[in-house]
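Q: Going down the list, the protein sequences come from chains C and Y.
So in UniProt numbering, spot 286 of the first sequence is number 286, and the numbers just go up one at a time.
So in UniProt numbering, spot 326 of the second sequence is number 326, and the numbers just go up one at a time.
Don't read these hints as lab results, they were simulated from the structure.
Be careful, since some hints might not be right.
[Said to hold, decoys possible] Just a sample of chain C residues kept apart from chain Y, beta carbon distances all over 10 angstroms, derived:
1) 75
2) 183
3) 301
4) 358
[Said to hold, decoys possible] Rough simulated footprint, nothing fancy, chain C against chain Y, three-plus residues with beta-carbon under 8 angstroms:
5) 255–269
6) 401–409
Even glycine gets a Cβ: it sits at the ideal position worked out from N, Cα and C.
Protein chains: 2
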Amino acid sequence: MLTPLGLHYSAFMSVIEAQGTQEQVDKWYVAAKRHAIIGCYAQTELSHGSNVAGLKTVAVFDAKTDEFVIHSPDLTAAKWWVGGLGIASTHTVVQAQLIIANKSYGPHLFIVPVRSPVDLKPCPGVTVGDIGPKAYGGFATVDNGCKVVLFEHVRIPRNNMLMKFARVTSDGRYLPPVHDKLSYGGMVKLRVDIVNDAAIKLAKAVTIASRYCTVRRQFGGPTIEHQVISYSSVQHRLIPLLATAYSIWITSQDLYEQFGQLTEQLEKNNAHLLPEVHATSCALKSWCTRQSSDGIETCRKALGGHGYSIFSGVSELFATYVPSNTYEGDNYVLSQQVARFLLKQLKESSNFSSASYLKKDETVKVESAKTLLDPQVQLRLYQTRAARLVKRLSQQLASGRPWSDVNMECWEVNLAHAEYLIVRSMIHRVTVIESSELAPIMKRLLDLTHLDIQIVN
Amino acid sequence: MLTPLGLHYSAFMSVIEAQGTQEQVDKWYVAAKRHAIIGCYAQTELSHGSNVAGLKTVAVFDAKTDEFVIHSPDLTAAKWWVGGLGIASTHTVVQAQLIIANKSYGPHLFIVPVRSPVDLKPCPGVTVGDIGPKAYGGFATVDNGCKVVLFEHVRIPRNNMLMKFARVTSDGRYLPPVHDKLSYGGMVKLRVDIVNDAAIKLAKAVTIASRYCTVRRQFGGPTIEHQVISYSSVQHRLIPLLATAYSIWITSQDLYEQFGQLTEQLEKNNAHLLPEVHATSCALKSWCTRQSSDGIETCRKALGGHGYSIFSGVSELFATYVPSNTYEGDNYVLSQQVARFLLKQLKESSNFSSASYLKKDETVKVESAKTLLDPQVQLRLYQTRAARLVKRLSQQLASGRPWSDVNMECWEVNLAHAEYLIVRSMIHRVTVIESSELAPIMKRLLDLTHLDIQIVN
Chain C
1 MLTPLGLHYS
11 AFMSVIEAQG
21 TQEQVDKWYV
31 AAKRHAIIGC
41 YAQTELSHGS
51 NVAGLKTVAV
61 FDAKTDEFVI
71 HSPDLTAAKW
81 WVGGLGIAST
91 HTVVQAQLII
101 ANKSYGPHLF
111 IVPVRSPVDL
121 KPCPGVTVGD
131 IGPKAYGGFA
141 TVDNGCKVVL
151 FEHVRIPRNN
161 MLMKFARVTS
171 DGRYLPPVHD
181 KLSYGGMVKL
191 RVDIVNDAAI
201 KLAKAVTIAS
211 RYCTVRRQFG
221 GPTIEHQVIS
231 YSSVQHRLIP
241 LLATAYSIWI
251 TSQDLYEQFG
261 QLTEQLEKNN
271 AHLLPEVHAT
281 SCALKSWCTR
291 QSSDGIETCR
301 KALGGHGYSI
311 FSGVSELFAT
321 YVPSNTYEGD
331 NYVLSQQVAR
341 FLLKQLKESS
351 NFSSASYLKK
361 DETVKVESAK
371 TLLDPQVQLR
381 LYQTRAARLV
391 KRLSQQLASG
401 RPWSDVNMEC
411 WEVNLAHAEY
421 LIVRSMIHRV
431 TVIESSELAP
441 IMKRLLDLTH
451 LDIQIVN
Chain Y
1 MLTPLGLHYS
11 AFMSVIEAQG
21 TQEQVDKWYV
31 AAKRHAIIGC
41 YAQTELSHGS
51 NVAGLKTVAV
61 FDAKTDEFVI
71 HSPDLTAAKW
81 WVGGLGIAST
91 HTVVQAQLII
101 ANKSYGPHLF
111 IVPVRSPVDL
121 KPCPGVTVGD
131 IGPKAYGGFA
141 TVDNGCKVVL
151 FEHVRIPRNN
161 MLMKFARVTS
171 DGRYLPPVHD
181 KLSYGGMVKL
191 RVDIVNDAAI
201 KLAKAVTIAS
211 RYCTVRRQFG
221 GPTIEHQVIS
231 YSSVQHRLIP
241 LLATAYSIWI
251 TSQDLYEQFG
261 QLTEQLEKNN
271 AHLLPEVHAT
281 SCALKSWCTR
291 QSSDGIETCR
301 KALGGHGYSI
311 FSGVSELFAT
321 YVPSNTYEGD
331 NYVLSQQVAR
341 FLLKQLKESS
351 NFSSASYLKK
361 DETVKVESAK
371 TLLDPQVQLR
381 LYQTRAARLV
391 KRLSQQLASG
401 RPWSDVNMEC
411 WEVNLAHAEY
421 LIVRSMIHRV
431 TVIESSELAP
441 IMKRLLDLTH
451 LDIQIVN
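The shape of chain C in the complex, shown without the other chains (with noise of 0.2 angstroms):
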């Protein structure tokens, strides 16, 4: 993500080769790899972030001359925080309102050239300029990360639409496709991504803050002052940090396999598992966000006075994991998708694995402090938290409470459904190596990860 043409690659291209026809993927990806035109993903809007369903951009369709004419009706419907789109690119992805003879289909996916390929000068109609620099010095390396885009008429020819799923014919006629939600896929592999990011950034402030605590001393000896990491204050910041990262990086591999099994079913027009992988994924993008950059922050902050010095390197982690937290879906406004469903789920009694604890009983026996170190019964722990706040947050909405008025409840649901996955994963792999000399080493950082978040509880 930290070159000017990391978006080029994980957003345009990635986007085209998940939404485009073999067609256009033989023109556009092609094209794309070969770097003979560099591109952007352009979907929030100036005012229309969380709100996809609100924005205001629209793709005309104009059957006269077979073109789609996308405009931005005023300056609230500005593209804005597209990243990648200040030097280097010639074309974007345009999220926009798909509108047919006055009738309007909802976003969809345009190919929009907006630079010239030989002088990079704007495309007529098309106005670029840069937002400005970002919070903590983030994203300074990255083409300034984010532009804003405004279309005038800008015509496009239809074949510009990615048209996989919905298409428009040259007669104007509308074809959805088979799952309304086919298109979610691309928004749930970049969540995917940010759950293992997480995993890496913390992973690493983590490293630079051990090896310095490590070297650097502070007081008492007799000769020489102690290492910094002897401190027990030291080791309460630090260790358990180590053990979520591993969590985040374990569990985002279980994702992975998840999104990977959804992306076979997609191909094959099949959306059964999309409901579970977008949750499980917003819930633990909600979750993994949170702990990474806060986490990330609390090394910075054990490395002392030089951790305020950019050269300790923790600082940039920091700027450029923490704005995860409100991209791709506020991790709030995420915490309602988690939210409606589990609440389904409870309704439906459907069969996803990762919500089947709503049906079981909700009583655990913690008989000693070692029982908590017994896996059956931390993964019983976590099942059972979830639960109660799942029902509970039904009871609430039976008795009248209105949706607007239980975020905090959805949080509450988001935090303790995420943590009941992670704490899944990291059983189900120190179950599986169990054999292996790794196993016992594993279940420390289990343990450790289990005992954290109790204490955060």
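With chain C's structure known, arrange chain Y on it following the hints.
A: Then chain Y, alone, in the frame of chain C:
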């Protein structure tokens, strides 16, 4: 603090005023006031931050020439993080080990010229250099904040030692201060200012976030989307922080008052209040800096995507306030001093009002949720919790656990004591303005602070 001359006023001039003789004040403070000289304050060394007693820079008295020789024995003794030294400073106050006839008398303060006031070239034997940019782009507007200073046998007149308390005569006699901790007043003052600054910075962030979330709309509404502030997840994040900002501000006013009394006493060579004001400033500094910097980042995230633009104005607040967690005493290190003070009070049953709760009995009756809002119950809750933690720590130590092992217990004691002080100040303020129409509003801020602490704990 954010102008290139900030530390000239707040550190250089104020230290001379507090620690200089009348003659020294007449000479240096007056010159500094009319900017004939520009100063800074050089205490921390590359390898010696928390451990001030372990500073390596020496000031060796040479009776033959009536001079001190300021010397950095090696690179680890290089003065580091000296804010304001980058461009403008001609002088610095150096904290150095006073050595007379091979005997060390511990750290003392010396005024050392570092650059010619005429052409700003470094003085002979003085090396100055930039230590580079800071985390999160913080302090980028301030003369780059911090520089490195190395001294190679730099000679200064004997009268450049700040001699209000300790003195060195021309024949090399050391005259100690009446109380060995009289010179601590200046460091306490810096912490008092930091506590006050916590309120200002947090209040700014909450104001920006609340206003933005009132204007910003997202989702719902028949014709116009809902104000973001109307969502309970936003209210739950911002409104307790609003109460916290007021609570810290009010507590800091009480702290200024206590510091004023201390200063008056110190002028009369009476250091009786010093241990209490020192412990109070340490406890509050740890709690308030953490609360404020975490809170600012919570505000930034509550701004959603646009919070990540530098133009939101919030990230700069975090970038410049967050190092206060580690400077002027790392929070975790300071917590040990707070715990030491309280353990001493537990044994000595002294009459410091901030620790008198240690003598009370430890039962609080909370009969109903409503009782929780009774100020006397609130106060007793915090007293009881803090007292229990102090006693438990005392027992742990009595049972043989070494001091280095109980860092986290000290940290808990620090937080509990600080929270007691905060709630006590708020209750006091509500009581004194009882007849004012502001009183019910202040009571609600008190209750919200109190309940927020209860939820976090």
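Q: Run every hint past the structure and note whether it holds.
A: Evaluated hints:
no. : hint    : verdict
1   : 75      : holds (14 angstroms)
2   : 183     : holds (21 angstroms)
3   : 301     : violated (5 angstroms)
4   : 358     : holds (23 angstroms)
5   : 255–269 : violated (count 0)
6   : 401–409 : holds (count 5)
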